[in-house]
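Counting with the numbering used here, you get residues 4 to 85 for the letters of the sequence shown.
No lab work stands behind these hints: they were computed from the structure. Positions of the beta carbon are idealized from the N, C-alpha and C atoms, including for glycine. Fair warning: there could be bad hints in the mix.
Below 35 Å or equal to it, Euclidean Cα-Cα: the simulated DSBU-like pairs (lysine-lysine) are [as the list claims (entries may be wrong)]:
hint, residue 1, residue 2
1, K62, K30
2, K63, K83
3, K23, K63
4, K23, K62
5, K29, K63
6, K63, K30
7, K62, K29
8, K62, K83
Now the in silico label distances, taken between C-beta atoms and shown as ranges [as the list claims (entries may be wrong)]:
hint, residue 1, residue 2, range
9, L84, H58, 28 to 36 Å
10, T81, Y31, 33 to 41 Å
11, Y67, I17, 18 to 26 Å
12, L21, K62, 18 to 26 Å
13, A26, L5, 16 to 24 Å
14, K29, K83, 42 to 50 Å
15, I71, I17, 14 to 22 Å
16, T81, K30, 30 to 38 Å
17, C85, K29, 38 to 46 Å
18, L5, L64, 26 to 34 Å
19, Y31, I71, 23 to 31 Å
20, K83, K30, 38 to 46 Å
21, I13, K83, 21 to 29 Å
22, L28, L80, 21 to 29 Å
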Amino acid sequence: MLTYLIIINIISFIIYGLDKLLAILKKYRIPEGILLSLSIIGGPLGSLLSMLIFHHKTKKLLFYIINIISLIAWIYLTYKLC
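Given only the sequences and the hints, what does the whole structure look like? Please build it.
Structural data, given as structure tokens:
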């Protein structure tokens, strides 16, 4: 499980960074639903870190709410299962 969480958080971090690059280049963007889904399936830490590092989606409260709730849920779930 720990390996899965590490991999999904790295993927989430990279996808947020890629979306920021696409935004700068004014290219086709990654849908917000995919970005939020990455948090829900286990990548909230990578998402939050990329939001702070790349300054991406920082004005959207929904992204903070989903990421923080997902982070708390995944910490709890990991604690209970491991």
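We went through each hint and held it up to the structure:
no. : hint                     : verdict
1   : K62 with K30             : holds (20 Å)
2   : K63 with K83             : holds (31 Å)
3   : K23 with K63             : holds (14 Å)
4   : K23 with K62             : holds (13 Å)
5   : K29 with K63             : holds (19 Å)
6   : K63 with K30             : holds (20 Å)
7   : K62 with K29             : holds (18 Å)
8   : K62 with K83             : holds (33 Å)
9   : L84 with H58: 28 to 36 Å : holds (34 Å)
10  : T81 with Y31: 33 to 41 Å : holds (35 Å)
11  : Y67 with I17: 18 to 26 Å : holds (20 Å)
12  : L21 with K62: 18 to 26 Å : holds (19 Å)
13  : A26 with L5: 16 to 24 Å  : violated (32 Å)
14  : K29 with K83: 42 to 50 Å : holds (44 Å)
15  : I71 with I17: 14 to 22 Å : holds (21 Å)
16  : T81 with K30: 30 to 38 Å : holds (36 Å)
17  : C85 with K29: 38 to 46 Å : holds (44 Å)
18  : L5 with L64: 26 to 34 Å  : holds (30 Å)
19  : Y31 with I71: 23 to 31 Å : holds (28 Å)
20  : K83 with K30: 38 to 46 Å : holds (41 Å)
21  : I13 with K83: 21 to 29 Å : holds (24 Å)
22  : L28 with L80: 21 to 29 Å : violated (37 Å)
In summary, the structure is inconsistent with hints 13 and 22 from the numbered list given earlier, while agreeing with the others.
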